[in-house]
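Chemist: Chains as they are written, first to last, in this note's numbering: chain A, 10 to 354; chain B, 10 to 354; chain C, 10 to 354; chain D, 10 to 354.
Check each hint, because a few of them may be wrong.
[Stated by the list, open to error] Cross-link-like lysine to aspartate or glutamate pairs, in silico, DMTMM-like; alpha carbons within 25 Å at most:
# : chain 1 : residue 1 : chain 2 : residue 2
1 : A       : Lys258    : B       : Glu174
2 : B       : Lys266    : A       : Glu138
3 : A       : Lys266    : A       : Glu138
4 : C       : Lys70     : C       : Glu89
[Unchecked claim] Some chain D residues near chain C, calculated using beta-carbon distances under 10 Å:
# : residue
5 : Ser253
6 : Val255
7 : Lys258
8 : Tyr304
[Unchecked claim] Far from chain A, some chain B residues (derived; all Cβ distances over 12 Å):
#  : residue
9  : Gly64
10 : Thr66
11 : Ala112
12 : Ser142
13 : Glu170
14 : Ile177
15 : Ala188
16 : Leu247
17 : Arg313
18 : Pro354
Hint data in this document are derived by calculation from the structure and do not stem from the laboratory.
Fair warning: this is a prediction, and the values are worked out from it, not measured in the lab.
Every residue, glycine too, gets a C-beta built ideally from N, C-alpha and C.
4 protein chains.
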Amino acid sequence: MAKTRVGIINVTGYAGVELARLLHQHPEVEITSVTGRSAAGQGVGVAFPHLASLGLTIEAKVGEADLVFSAMPHKESAKEIIPLVNNGVKVVDISADFRLKNAEEYSRWYGFTHPAPQLLPEAVYGLPELYRSQVAAAQLVANPGCYPTGAILALAPAVKEGIIEPDIVIDSKSGVSGAGRSLSLQTHFSEANEDVTAYALGGHRHLPEIVQELELLGSATTSITFVPHLIPMTRGILTTAYASLVAGKIAAGEKGKEELRQLYLEFYKSEPFVRVTETPPHTKHTWGNNNCLIYPTIDLRTGRFIVASAIDNLVKGAAGQAIQNMNLMLGLPETTGLEALAIYP
Amino acid sequence: MAKTRVGIINVTGYAGVELARLLHQHPEVEITSVTGRSAAGQGVGVAFPHLASLGLTIEAKVGEADLVFSAMPHKESAKEIIPLVNNGVKVVDISADFRLKNAEEYSRWYGFTHPAPQLLPEAVYGLPELYRSQVAAAQLVANPGCYPTGAILALAPAVKEGIIEPDIVIDSKSGVSGAGRSLSLQTHFSEANEDVTAYALGGHRHLPEIVQELELLGSATTSITFVPHLIPMTRGILTTAYASLVAGKIAAGEKGKEELRQLYLEFYKSEPFVRVTETPPHTKHTWGNNNCLIYPTIDLRTGRFIVASAIDNLVKGAAGQAIQNMNLMLGLPETTGLEALAIYP
Amino acid sequence: MAKTRVGIINVTGYAGVELARLLHQHPEVEITSVTGRSAAGQGVGVAFPHLASLGLTIEAKVGEADLVFSAMPHKESAKEIIPLVNNGVKVVDISADFRLKNAEEYSRWYGFTHPAPQLLPEAVYGLPELYRSQVAAAQLVANPGCYPTGAILALAPAVKEGIIEPDIVIDSKSGVSGAGRSLSLQTHFSEANEDVTAYALGGHRHLPEIVQELELLGSATTSITFVPHLIPMTRGILTTAYASLVAGKIAAGEKGKEELRQLYLEFYKSEPFVRVTETPPHTKHTWGNNNCLIYPTIDLRTGRFIVASAIDNLVKGAAGQAIQNMNLMLGLPETTGLEALAIYP
Amino acid sequence: MAKTRVGIINVTGYAGVELARLLHQHPEVEITSVTGRSAAGQGVGVAFPHLASLGLTIEAKVGEADLVFSAMPHKESAKEIIPLVNNGVKVVDISADFRLKNAEEYSRWYGFTHPAPQLLPEAVYGLPELYRSQVAAAQLVANPGCYPTGAILALAPAVKEGIIEPDIVIDSKSGVSGAGRSLSLQTHFSEANEDVTAYALGGHRHLPEIVQELELLGSATTSITFVPHLIPMTRGILTTAYASLVAGKIAAGEKGKEELRQLYLEFYKSEPFVRVTETPPHTKHTWGNNNCLIYPTIDLRTGRFIVASAIDNLVKGAAGQAIQNMNLMLGLPETTGLEALAIYP
């Protein structure tokens, strides 16, 4: 049977090259076209020697394909995608352009007027653990941001079951590849190495996405503080989130910790890429693969709920999840091409 | 005038070698004796080539000195220190053995019965920003832990002025040297590199110290959750703390952020080693020096107080602060020998 | 068809876990038994969460299998292997115990008397690029060391064709995982991070292996200096080697560089895992995969031959190459299970 | 007595900020003026928080001073310096613009016609270990490159004493800060982290400088191959150099190793910043200080001379050495302001 033809818009960023790496090994699809913002005409293997075996040339415009991934930056991505959607092509958008349901949020957080607000209701937020059936039926999937993926998966069971107060602190620690391949002083080796800092304390663009999804899961308006941190490593996001327990929902003491754990195990029992761990997760144990590791617990002294999650920001936080969505959209087994274990150490 | 003679008990750990490095450059003191747990008889420069110019031999027992630093692990440190204190020697203890006022906490958190509970009331908690005059008059100073130094300095103005609720989340990110020079799988290069994890979620030993000091500063019993994280870098601790603002104390909006900043600037206006910054601090900007950088702000969407602090865990978090305490105890200018700027990049 | 049953002796070192990771994804084999030096009785997923899906328990003694890998340290490995070989089991030994043809070298370099010198002649040095047909027919394969793999592949075409003088300097730079999972001060994070050093200047154990193979390739006795260096990264070995060109073999100037390149391309034209590059290779471009990248060139000012090679020390330098050998021994396509691209960035 | 007034041209690169850090702590000089290529008008502490206590504003043009350091890139530096030299100001040039004695080399290696070839003979190559008295008398000192500092100091005793053949391989491993603060893909964190590569195999600009100095030391024309490598750390250069021993100059065996060591000890016996070590040096042991550690040895199997040296590329390899030169030019003790020990770990 012929393989499904897929295209990658902007293969030259880190999400794009990761898509190419993973799709190259996918048994059911064939990459038929890749584009780049600047390197058009160049062989993929020239810019990215590890992708030499793809044998593809970077084009200016994406060619015919059954499904297209866009790894363009926000605003630019919508421009590329809208004509494809109008032509009936299936699209997974890795940018933020179709994640938010309220078009006004794009003016507020991204500084542009959304060019196709009518598509926002039909775009599906591509977190399969929450929207599996909708993804399977979608023509346009908005792949979640890296921070939101780790944060929402960490908090979803607790919010859905109403065991925590809607007043949540999310403290995330990200490897530097999350900032992309574009050069900046902040991601210059000598600046980022041997350093940690908090950033975007005035509000990070991934916040409205986290708020939107947690409010859809719970019943109350949430009061969420999200602070991302830059960590001297290439890949991985560890998210630690904190909230007060709603009184009377969970038992006191060690019993409550076990109840909480069971609640998470139950919530994620059928998920191929979520694992509830018995000890705090290490980002290293997700290096290069599509897993999200989650450890929920209770600080018994204060009765506070704590949850920690670990993902690879470029896999479950970007390209891997995009392929997971593609598998659903194409009716393939969800894990196809994503079976690789994490690389350790 | 003769220099003051100082000794270092257990020079062979990271706090000990850092003490030796800094004291070697101190104009008013002379290191006259250093001990080690295992390397007795060896030249300091053999184990630590960068200290070769000290020209000292590691001894089994500390020699005569006017002031002694102990960088022994807890429990062992008390054993070494008690006879010295009884003999009238001034001591700065870098271990935890005299930090907690309640002797029972040692059974609970450190698993031993304190051998000299009668010394606890007279030992001074060596955070000069809070206890300057007491340190100056003390015979025994308990040098604060690395995490508590960053956390307490970050929160002290807010707690003292009563502008935050006593329900606080402290999320700290530490370089690996904080775990010491003893070998462990957690600090093995290939395990710690390219990894982040949370640890001690059941309660870290530095928690009672943080609680003790914040409760002394404020009026209410505090409910503090403290979660430390291990980060792939050698030096530095970034602490991010979160709490709700007490209603009516601070203005709303940007005005409140400025009021908060002024409150911090006022609180630390005479402090030589604390700097209130205008942007979130980088641990890199404290690399090798004794500064604590603090950035307080408000998440305007939720009205939540956020503060971030950065220190070098081996300097302000250990050896540098110990020397700052020594300077006060000896009546020297507090900054003597600690003027070095951070090493960047 | 039933899968081939394979066992792993000492799965708990870095070569062992990497074997488990790669074999788990191999379509033609099934891991039926794994042993560990200390963790017997524990689930593999407890010690190594990323391997949880293996569902295996660490045993004290390897069970029945068609082919066994040994990732034991030298000397211990021979003890485990000899009975298996005598029982007709196929074995790939990742230790050094069967790499050297001259039994006396084991006394000299490893400090023990070889327990089965009669097996040395029949053991095949498992570098498929040099010994493909012998590996395919072997019962016992000695998997090359990580440094020798990178060095021999880099030098083989030049030595075989006699274009360089047999007076060679090999300067290698290795990530820390090459030193294994056993704890040591040298591999303690705070010691290895932000540091580079040369080691084993008195002679590294991988030297006799390099000498043996290069002398078998060339006609003259070689005079080889090999200096390994420890680099602050987890995976990867870059080897840079230097030698004088034999007069009259290669054209002068740029033409000679191109001749050299063609000679290498020709030598490795059918090799699935060797790629002759057009620019100096990065270890990052081999991260997690089985490739060896080689860049030969000439320093035109001095007429000196220079070659640089890059491998992942745990894949082509250990577990990946072991599986490549296994594929040959089992009559499988050589690349089976080893198709994964490098993970970048 | 009034302090000497010094200026820094281009304080905003890594050599410039390091000069500022070190000079700020120098007891005999005062920084009176600093310039930057782009940040003119900005406070130094805005761009570089760790230098906030300098209290200086970045100017467009350097102000009046007794001695000026230029940390401008090559070609630009000469332009700034020539008028100063003509006005009798003492200058230490950290760029390459006055290092090479042969003006034609600037066309060949740097691609520009030297604007003041008449100054080349009078400019002193600022390696105090070789040119102490000339530096002391100089008006214009050309501060050596980082790689040449480590390589020349490593080889000088052997070349001067004629114990090695003039056919030398120099393999250097540098931290990323050596590539400066300007952004590039090669120094982007996610690219440089977990990677090692060789570069400039066609000839690095520091080569003519190394050749010039080694030929001045020895009697023969040298045939030098120099290959630099980029290592994932911020600071430090380790240089490993290889050459054949001249027959009959050094005893065979262990005795020869000791003779070699004595020769080095004798050569550097009065040097405050050079230390001949008993084991291979670690760059970590020079972190932040002005030392050069050197370990000479012999590979007894091949009779080959090997030497390894370690420096901090921004201190002994740039700013520290510039201050050492300044001290000599001003008649101050050579070590003034450079006494700080290395920061470990």
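Chemist: All hints are to be evaluated individually against the structure, with a verdict given for each.
Modeler: Here's how the hints hold up against the structure:
For a cut-off of 25 Å, the pair hint linking Lys258 of chain A to Glu174 of chain B stands: about 24 Å separates their Cα positions. A hinted pair counts as satisfied when its Cα atoms are at most 25 Å apart, and Lys266 of chain B with Glu138 of chain A does not qualify at roughly 39 Å. With a C-alpha separation of about 23 Å, the suggested pairing of Lys266 of chain A with Glu138 of chain A holds against the 25 Å cut-off. Under the criterion of a C-alpha separation no larger than 25 Å, the hint pairing Lys70 of chain C with Glu89 of chain C is consistent with the structure, at around 9 Å.
Hint status for Ser253 of chain D: holds, given a least beta-carbon distance of 8 Å to chain C, under 10 Å. For Val255 of chain D, the suggested interface contact is broken, since its CB lies about 15 Å from the closest CB of chain C, more than 10 Å. Checking Lys258 of chain D against chain C: minimum C-beta separation of about 18 Å lies over 10 Å; hint violated. The interface hint given for Tyr304 of chain D is met, as the beta carbon of that residue sits about 8 Å from the closest beta carbon of chain C, less than 10 Å.
Consistency note on Gly64 of chain B: stated as away from chain A, and its beta-carbon is indeed over 12 Å from all of that chain's, at 30 Å minimum. No Cβ of chain A approaches the Cβ of Thr66 of chain B within 12 Å, the least distance being about 33 Å, so the stated non-interface status holds. At roughly 20 Å from the closest C-beta of chain A, the C-beta of Ala112 of chain B stays outside 12 Å, upholding its exclusion from the interface. Interface exclusion of Ser142 of chain B from chain A stands, the closest Cβ pair being 32 Å apart, more than 12 Å.
For Glu170 of chain B, the requirement that its beta carbon stay farther than 12 Å from each beta carbon of chain A is met, with the minimum near 21 Å. Listed as a non-interface residue, Ile177 of chain B fails to keep its Cβ farther than 12 Å from every Cβ of chain A; the least gap is roughly 9 Å. The non-interface label for Ala188 of chain B is consistent with chain A: the shortest C-beta to C-beta separation is roughly 15 Å, beyond 12 Å. Distance check on Leu247 of chain B: its Cβ comes as close as 4 Å (rounded) to a Cβ of chain A, failing to clear the 12 Å threshold; non-interface status is violated.
Annotated as non-interface, Arg313 of chain B brings its C-beta within 12 Å of a C-beta of chain A; the closest such distance is 5 Å. Look at Pro354 of chain B: its CB is around 4 Å from the nearest CB on chain A, not clear of 12 Å, so calling it non-interface is violated.
In summary, the numbered hints that this structure violates are 2, 6, 7, 14, 16, 17 and 18.
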